[in-house]
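Visitor: Here are the chains, one letter per residue:
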Amino acid sequence: MRNPLSAVEIPVVDRFLGDGYVRNVVVMTFGSLALLALFGALFPESVAGDLSGAVFTGGMVAATARISAPIVLAALGGIFAEKSGVINIGLEGLLIISAFTSIYVAYVLGDAGILTGGNAQFVGFFAGVLASVLLAFVFGVVCIEYKADQIIAGLAVWLIALGLAPFLSTVFFGSVNTPGVGNIGWQYSAALVAVGTVVAWWTLDHTAFGTHLKAAGENPRALDTVGVSVSKIRHAGVILSGVFAGAGGSLLALGVGRFGGSGETMVQGKGFIAIVVYLFGNYNPLGALGAGTLFASLDALQTRLQQLGYGIPSSLVETIPYVVVIIVLAFVGRTRIPSAAGDHYETEE
Amino acid sequence: MSRSRPGAVRARIESLLRRFAGISGIDRVLIAFAALGLSVLVGFFIVLGSGRVAECSTAAWTMPITGLGFCYDPFEVFFVLFNGALGGPFYVWEPGILNPEWLPITLPWLGFMPGWSPFNNAFALTMSETTLLVFTGLSVAVAFRAGLFNIGTQGQLVVGALLTALVVVALAPLFPANRVGGVILIAIGVLAGAVGGGLWGAIPGALKAYADANEVITTIMLNFIAANVAYVLVLEVFRAEGSSVVATADVPEYAQIGPWLFPPTGDFAEAALLIGLVSLVGLYLFLEHTSLGYDLRVSGIQPLAAEYSGVNAKLTTVRAMTLSGALGGIGGSIWVLMSEGRWVESIPDLGFDGITVSILAGNNPLGVLPAAALFGVLKGGALQVGFQTDVPPELVGVLRGLIILFVAMPEFFRLIGKRLVPDEPEATRGGDGKDGDGVGGTAAVDDGGEASA
Chain U
17 MRNPLSAVEI PVVDRFLGDG YVRNVVVMTF GSLALLALFG ALFPESVAGD LSGAVFTGGM
77 VAATARISAP IVLAALGGIF AEKSGVINIG LEGLLIISAF TSIYVAYVLG DAGILTGGNA
137 QFVGFFAGVL ASVLLAFVFG VVCIEYKADQ IIAGLAVWLI ALGLAPFLST VFFGSVNTPG
197 VGNIGWQYSA ALVAVGTVVA WWTLDHTAFG THLKAAGENP RALDTVGVSV SKIRHAGVIL
257 SGVFAGAGGS LLALGVGRFG GSGETMVQGK GFIAIVVYLF GNYNPLGALG AGTLFASLDA
317 LQTRLQQLGY GIPSSLVETI PYVVVIIVLA FVGRTRIPSA AGDHYETEE
Chain X
10 MSRSRPGAVR ARIESLLRRF AGISGIDRVL IAFAALGLSV LVGFFIVLGS GRVAECSTAA
70 WTMPITGLGF CYDPFEVFFV LFNGALGGPF YVWEPGILNP EWLPITLPWL GFMPGWSPFN
130 NAFALTMSET TLLVFTGLSV AVAFRAGLFN IGTQGQLVVG ALLTALVVVA LAPLFPANRV
190 GGVILIAIGV LAGAVGGGLW GAIPGALKAY ADANEVITTI MLNFIAANVA YVLVLEVFRA
250 EGSSVVATAD VPEYAQIGPW LFPPTGDFAE AALLIGLVSL VGLYLFLEHT SLGYDLRVSG
310 IQPLAAEYSG VNAKLTTVRA MTLSGALGGI GGSIWVLMSE GRWVESIPDL GFDGITVSIL
370 AGNNPLGVLP AAALFGVLKG GALQVGFQTD VPPELVGVLR GLIILFVAMP EFFRLIGKRL
430 VPDEPEATRG GDGKDGDGVG GTAAVDDGGE ASA
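Each protein sequence line maps, in turn, to chains U and X. Going by my numbering, the first residue of the first sequence is number 17, and it counts up by one from there. Going by my numbering, the first residue of the second sequence is number 10, and it counts up by one from there.
Treat the hints as calculated values from the structure; they're not laboratory data. Take the hints with a grain of salt, since some may be wrong.
Said to hold, decoys possible - Simulated coverage check for chain X against chain U, where a stretch passes if three residues somewhere in it have a Cβ under 8 Å from a Cβ of chain U:
#1 56 to 64
#2 212 to 226
#3 272 to 280
#4 298 to 304
#5 361 to 371
#6 374 to 382
#7 392 to 405
Computed from a predicted structure; not experimentally measured. Note that beta-carbon positions come from the ideal geometry of N, C-alpha and C, so glycine has one too.
With the hints as extra help, turn the sequences into a complete structure.
Guide: This is how it looks when you write it as structure tokens:
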């Protein structure tokens with residue numbers, strides 16, 4: 017991302033995208049960064065100079081990586097669920113539950129002297145993923161077996177996690193905020209985001225499972241006719257959303273080193289942003305990476321600008337991504353929801 | 010408009026509507042109660058489980074037979090939750106199991122025993138929350154009925170609240186500082202809130218209708234925008250002098266909606282609940298007995314059929330979202346004029362809770378009142394749970410989520426019902442179907458659940 021020349025490499029990237037809209041999202045993200053770097057280099061004394069000075073620093077990259085991990089990974093999870101035909105609006109809840117569980121397990125292991133430091137965090141990470149998968153599995157059963165309305169069940173997942181994490185934190189630690197367990201480096205976040213995106217893209221576009229997944233969301237009857245169980249594929253999609261969102265939530269909490277459970281918890285709507293991000297990226301993992309990085313870098317930039325002493329109220333800068341989403345949804349992008357998403361499917365026997 | 014094209018389409022839609030209204034109503038109430046019961050049951054085990062792992066010096070409850078000690082008493086928690094929300098009419102658990110002077114309800118104001126009066130602060134909080142949730146619940150419900158998922162009630166409430174506070178403070182000097190002036194100011198304030206919320210709601214409506222932008226996403230975005238922009242506006246422009254928090258100037262005392270019987274410290278006004286009830290009945294009549302309301306419902310159930318029968322779907326979408334936003338905005342007005350007396354940054358999540366209220370109410374305006382009351386009780390009771398027990402009051406948040414989860418899965422209860430009592434569907438419907446009709450009836454209920462969700 018630091019390399020302004022990345023904009024030039026688009027023809028190579030294009031081979032992987034094959035979708036004009038997604039390409040635009042990716043180009044917009046990296047192009048605007050390149051433009052900023054150019055202006056900053058030409059006019060170092062101007063606002064652009066200050067801005068590029070703020071953007072192209074190690075701190076900025078680290079902050080962007082940390083913020084993008086929960087957003088991009090949850091978005092990738094959301095793609096798997098929705099492509100299979102289950103709209104998972106509960107990503108926020110999966111992030112919350114995994115964030116809390118990862119810290120709790122890391123703390124308990126360290127406190128009992130079983131594992132320390134990095135090892136405890138390592139186990140905590142997987143515990144967070146497991147918690148998210150369990151909650152996602154319950155959501156899948158409710159939606160697929162008991163035919164619950166997906167939007168309402170997703171909201172319930174969010175609300176349950178929103179109550180459960182601070183509740184358990186108070187039970188164990190006497191406060192909605194957990195004690196610290198030490199934070200992990202931003203490189204882990206960056207690496208997992210990159211690996212997750214590639215794995216998601218490969219799975220969706222280059223495996224038989226990916227084809228089945230998309231068929232379950234687009235034309236479940238056809239999939240059924242071929243002899244593949246639609247509900248099994250959908251369960252897999254939902255569980256994968258739990259895996260990805262769980263990784264994102266664990267990284268978010270371990271990156272800070274503690275779980276904060278007051279108000280909307282430390283997740284602060286990142287799960288909802290993730291939904292926007294994958295819609296924005298038109299269900300393409302690479303598009304989600306581009307859009308998610310854009311959001312994360314705007315968020316990180318806004319924090320950085322505060323430190324530089326610009327008089328813009330941070331709340332106003334924070335609204336920019338939201339306004340952009342509305343404008344894009346209204347005038348630029350027409351994302352197409354998988355045609356059977358949100359519907360139950362009855363096997364005909 | 011739909012009147013201009015009578016005939017088969019219309020008759021078909023009407024019969025559909027009648028079927029949904031008739032059958033799913035009773036079913037919904039049963040499911041709501043079953044969901045509440047099941048949530049309390051699951052909550053019971055959560056309290057039990059966490060009471061086992063939490064650390065305490067003396068066990069609050071010992072399980073019979075096994076002799077296992079628990080830090081939390083699951084019976085006490087739910088007793089305190091519901092009893093505390095009413096301000097503690099029941100004496101159980103105070104000194105011992107039964108107070109020697111125990112009476113279910115003591116009525117000091119009628120010369121009975123000293124003690125509980127319904128007009129207490131805890132019950133006022135419950136009622137205040139109920140009142141506000143009536144508005145936000147109605148807001149979400151009206152959009153739902155038009156087939157729109159308005160997650161943006163929170164933002165509409167924020168905008169409506171801000172406009173109310175600003176307009177009333179600005180216009181206060183123009184009116185006499187007495188009851189009459191106050192009533193006029195309150196009316197203007199509520200109107201301003203409705204206009205503010207309505208306009209904010211019209212934005213996603215228009216985006217949905219004319220640019221095909223998903224309203225779930227746009228309303229979530231507009232919530233963030235409303236919260237941030239309102240915050241910056243108050244911080245930079247409208248902040249009251251010398252205020253330590255980000256808040257507007259206080260609305261004058263006489264322009265606030267004050268209580269008649271409840272203590273002034275309780276932040277609850279009966280008049281506000283009355284406005285809520287009038288809105289509720291008004292919305293019910295609008296939806297069920299006017300042609301505009303009919304168009305709105307039909308667009309929600311059968312958008313294509315609505316188009317064929319001559320309903321302007323785009324306009325209906327904008328109208329529904331505007332009405333929904335206006336109701337959310339009025340909720341904001343009431344919050345300013347009844348609870349806070351000004352706009353402050355720490356706005357409670359009333360709009361999000363409105364979604365849960367509407368879902369529990371089956372998106373029926375008449376169901377909004379009991380649903381809002383239940384969530385009001387949970388809110389009021391949560392505080393008492395925090396005061397009177399060691400159990401973290403966040404438990405109530407878990408209960409809220411569980412209730413919504415169980416309400417979302419009617420199929421689950423139907424399966425259980427079928428397994429327990431094979432003939433239950435007929436029995437619950439007052440025997441309106443003979444043997445063999447049960448299968449058809451259940452299928453119709455299935456349709457109703459899906460179409461209106």
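Visitor: Look at each hint and say if it fits the structure.
Guide: Hints versus structure:
1. Closer than 8 Å: that is the beta-carbon criterion, and the stretch 56 to 64 of chain X has 3 residues meeting it against chain U, so the requirement of 3 holds.
2. For the stretch 212 to 226 of chain X, the proposed coverage by chain U is satisfied: 7 residues have a C-beta within less than 8 Å of a C-beta in that chain, meeting the threshold of three.
3. Coverage of a stretch by a chain is defined here by at least three residues with a beta carbon nearer than 8 Å to that chain's beta carbons; for the stretch 272 to 280 of chain X and chain U the count is 0, and the condition is violated.
4. Counting residues of the stretch 298 to 304 of chain X whose CB lies closer than 8 Å to any CB of chain U gives 0, which falls below the minimum of 3, so the coverage claim is violated.
5. Under a criterion of three residues with beta carbons nearer than 8 Å to beta carbons of chain U, the stated coverage of the stretch 361 to 371 of chain X is upheld, 3 such residues being counted.
6. Counting residues of the stretch 374 to 382 of chain X whose CB falls under 8 Å from any CB of chain U gives 0; the rule of at least 3 is not met.
7. With 4 residues carrying a beta carbon less than 8 Å from a beta carbon of chain U, the stretch 392 to 405 of chain X meets the three-residue requirement, and the given coverage holds.
Of the numbered hints stated above, those contradicted by the structure are hints 3, 4, 6, listed in ascending order.
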